[in-house]
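Participant: What follows is the residue order along each chain.
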Amino acid sequence: MECYYPARMNDAALPASDTASPQGQRPAPGISLRGLAKTFAAQTAVQDVSAEIAAGELTVLLGPSGCGKSTLLRMIAGFEAPTAGEIYLAEAPIAALPPSRRDIAMVFQSYALFPHLTVAENITFGLSVRRTGKAETADRLDRVARLMGLETLLQRKPAQLSGGQQQRVALARAVISERPVCLMDEPLSNLDAKLRAEMRVEIRALQRRLGLTMVYVTHDQVEAMTMADRIVLMNAGRVEQAGTPEQIYAEPATTFAARFIGSPPMNLVPAEALGLPGAAVAGLRPEDIHIAAEGVPARIVSAEYLGADLLVTLAIGAAQVILRQPARTGLPAGPEVRLAWVPDALRLFDATTGHAIGRSPAV
Amino acid sequence: MKGWDWLATIGGWLLALLWVLPLAYAVWTAFHPSAYETHFNLLAPLTLENFPAAWVQAPFARYFLNTVVLVTVILAVQLVLGTFAAFAFARLKFPGKQVIFLLVLLQLMVMPDVLLVENYQTIRILGLVDSIVGIGLPYMASAFFIFLLRQTFMTIPTELDDAARIEGASLLTLIRRVYVPLAKPTYIAFGLISVSAHWNNYVWPLIITNSVNARPLTVGLSIFSAIDSGVHWSIINAATLMTSAPLLIGFLLFQRQFVQSFMRAGIK
Ligand SMILES: Nc1ncnc2c1ncn2[C@@H]1O[C@H](COP(=O)(O)OP(=O)(O)OP(=O)(O)O)[C@@H](O)[C@H]1O
Ligand SMILES: [Mg+2]
Chain Y
1 MECYYPARMN
11 DAALPASDTA
21 SPQGQRPAPG
31 ISLRGLAKTF
41 AAQTAVQDVS
51 AEIAAGELTV
61 LLGPSGCGKS
71 TLLRMIAGFE
81 APTAGEIYLA
91 EAPIAALPPS
101 RRDIAMVFQS
111 YALFPHLTVA
121 ENITFGLSVR
131 RTGKAETADR
141 LDRVARLMGL
151 ETLLQRKPAQ
161 LSGGQQQRVA
171 LARAVISERP
181 VCLMDEPLSN
191 LDAKLRAEMR
201 VEIRALQRRL
211 GLTMVYVTHD
221 QVEAMTMADR
231 IVLMNAGRVE
241 QAGTPEQIYA
251 EPATTFAARF
261 IGSPPMNLVP
271 AEALGLPGAA
281 VAGLRPEDIH
291 IAAEGVPARI
301 VSAEYLGADL
311 LVTLAIGAAQ
321 VILRQPARTG
331 LPAGPEVRLA
341 WVPDALRLFD
351 ATTGHAIGRS
361 PAV
Chain F
364 MKGWDWLATI
374 GGWLLALLWV
384 LPLAYAVWTA
394 FHPSAYETHF
404 NLLAPLTLEN
414 FPAAWVQAPF
424 ARYFLNTVVL
434 VTVILAVQLV
444 LGTFAAFAFA
454 RLKFPGKQVI
464 FLLVLLQLMV
474 MPDVLLVENY
484 QTIRILGLVD
494 SIVGIGLPYM
504 ASAFFIFLLR
514 QTFMTIPTEL
524 DDAARIEGAS
534 LLTLIRRVYV
544 PLAKPTYIAF
554 GLISVSAHWN
564 NYVWPLIITN
574 SVNARPLTVG
584 LSIFSAIDSG
594 VHWSIINAAT
604 LMTSAPLLIG
614 FLLFQRQFVQ
624 SFMRAGIK
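For the record, the sequence lines run as chains Y and F. The letter at position 103 of the first sequence is residue 103 when you use my numbering, and the numbering goes up by one with no holes. In my numbering, each residue carries its 1-based index in the second sequence increased by 363.
Quick caveat, the hints were computed from the structure, so don't treat them as lab data. Just so we're clear, the structure is a prediction, and the values are computed from it rather than from any experiment. Incorrect hints may have been included.
Partial chain F-side listing against chain Y, Cβ under 8 angstroms, derived [to be verified]:
1) Ala387
2) Ala389
3) Val541
4) Pro544
Cut-off 30 angstroms, straight-line C-alpha distance, at most; resulting in silico cross-link-like pairs (DSS-like, lysine-lysine) [stated by the list, open to error]:
5) Lys157/Y to Lys460/F
6) Lys194/Y to Lys134/Y
7) Lys134/Y to Lys547/F
Built from N, CA and C at the ideal position, the CB exists for glycine as well.
With the sequences and hints as input, model every part of the structure.
Facilitator: As structure tokens, this is what we get:
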């Protein structure tokens, strides 16, 4: 048990390569989902989901509310039995195993702390259920409490903690199990914006430090973009696109992906509005369009000042686009302007299926 | 409106007086010599003589023991059965769950007195007449408790189940370490109801017992105070106070906790 924890998890974000993690003896496995489906009595929550969750990486399941993220996560955890398909953990099928035998830890959306137990008892609940020795339990509790900055709170009840502290206890409970895979279902949705931003960094640092394979569910694309090694974007129970944040941002595979990622999202207008041939849908990120001397005529509708940037809404015929430019560039006097864009940045989508045309979708 | 308030206050006091009068009379006679039974005199001499006198005139020690065993056994079995049943109805999926739960609820609607004869026959077939188990058996699966506890269990978030399950907790561990501690107010509130109900239960024990070996306090006391035994009111009332004292004292001591439990369990 040679383990090294710095005093606080957020004072040194070590690169993933040289972590001396408690999972050191057990390298984190990857998870592979093959043709997973889940049908409830009334409806299909997940259909034909195949995805690779790489070992030691943070994979974000992203998608709008009701798209089946939680259901998928609960199938990986073992709380729901898949209607079809198989889940492999390090190449071994696990869909038939009960949750406790899968070697997977989970952090729940509302933290699921036991209200009648102290912080210390909450963190060590699993160890005591599995009859871990007293000395070892105390030892591990001590290390995890220091790692998470919970040393002074151990004797409190969950009701006496702030939301952020409760979140830390929930994380500590997952970390102390020393299981190499950790699932999280919208763990930050009950926190305010500032705390959420802090916890994002902490969770990411923790995942790197311990070399965990983490599956993180969220419907917040900013959270996904900032934290993920890979994003699995879901829509209506299916995988819409999987890839690194950069891939999905630069090469959205579908109009859904184009609209879901980015704020403001990619502009989608009929190709002919931009003077392009064909019946396709043209996609341009706001930062790739600019006001120029020559180009497509447009009319300024409104402008939104964001400090560094200016978001300008323009009408091109019946279509509207938003462009982002440095605020200090300023706007021309009249409402009538001309638009140009970085040619490389133009994306085309099939008008009926919504699939990207021409480029191979990054998967 | 003012006049009505005033009337209500008077009415309340009158009712309270009416309610406390028998108890006050019992206390008066129990602590005075029998000569003062119907003769109220503030200067009458106080005495504790009546209590030992009552104690030796009937096997009260045995009755006490019977009642304590009876109340404890009933409560223990009720709690265990109720816990499992309530958990099953609240959290498990099994065929016929709705129908079985309806049958349990049906028990709530049947007045216990209606079943006296039927219960007697059942207990006789089981050969348990005149035994403590025989007195307690009809009450051991309490529909009220199962219903109450199921309601409490259903308010516990299922995320806690999942959190415990992923850590490797079995169903039994889950119940023991999560559900029972979280439902503590319900257990305390029901415990109080059960103990006081069975400490005071009279008709059924009277029917099913016929010897000192099984007779609880209530029945023992009524036999002791039957008219033809010719004992004095002061001694009967001393015995009455003696037999209800443990319950009264217990309630006074834990009054605060009980009231809190009732509030949290949602019983009023
Ligand atoms: N136990 C269940 N029984 C029936 N339908 C369910 C059950 N769980 C989920 N569903 C349905 O499956 C679909 C997917 O639900 P799921 O909870 O996975 O969505 P989600 O992506 O996690 O959404 P959110 O972001 O709102 O949490 C929803 O339409 C939901 O109503
Ligand atoms: Mg969800």
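Participant: For the hint on Ala387/F, does the least C-beta distance to chain Y fall short of 8 angstroms?
Facilitator: 43 angstroms, violated
Participant: Holds or violated: is the Cβ of Val541/F closer than 8 angstroms to a Cβ in chain Y?
Facilitator: For Val541/F, the interface hint holds, since the closest Cβ of chain Y sits about 6 angstroms away, which is under 8 angstroms.
Participant: Does the structure keep Lys194/Y and Lys134/Y at a Cα separation of 30 angstroms or less?
Facilitator: 38 angstroms, violated
Participant: Given the proposed pairing of Lys134/Y with Lys547/F, does the C-alpha separation stay at or below 30 angstroms?
Facilitator: 27 angstroms, holds
Participant: Holds or violated: is there a CB of chain Y closer than 8 angstroms to the CB of Ala389/F?
Facilitator: Result: violated, 43 angstroms to nearest chain Y Cβ.
Participant: Is the shortest C-beta separation between Pro544/F and chain Y less than 8 angstroms?
Facilitator: 4 angstroms, holds
Participant: Is the hinted pair Lys157/Y and Lys460/F satisfied, with a Cα-Cα distance of at most 30 angstroms?
Facilitator: 36 angstroms, violated
Going through the hint list in order, the structure does not satisfy hints 1, 2, 5, 6.
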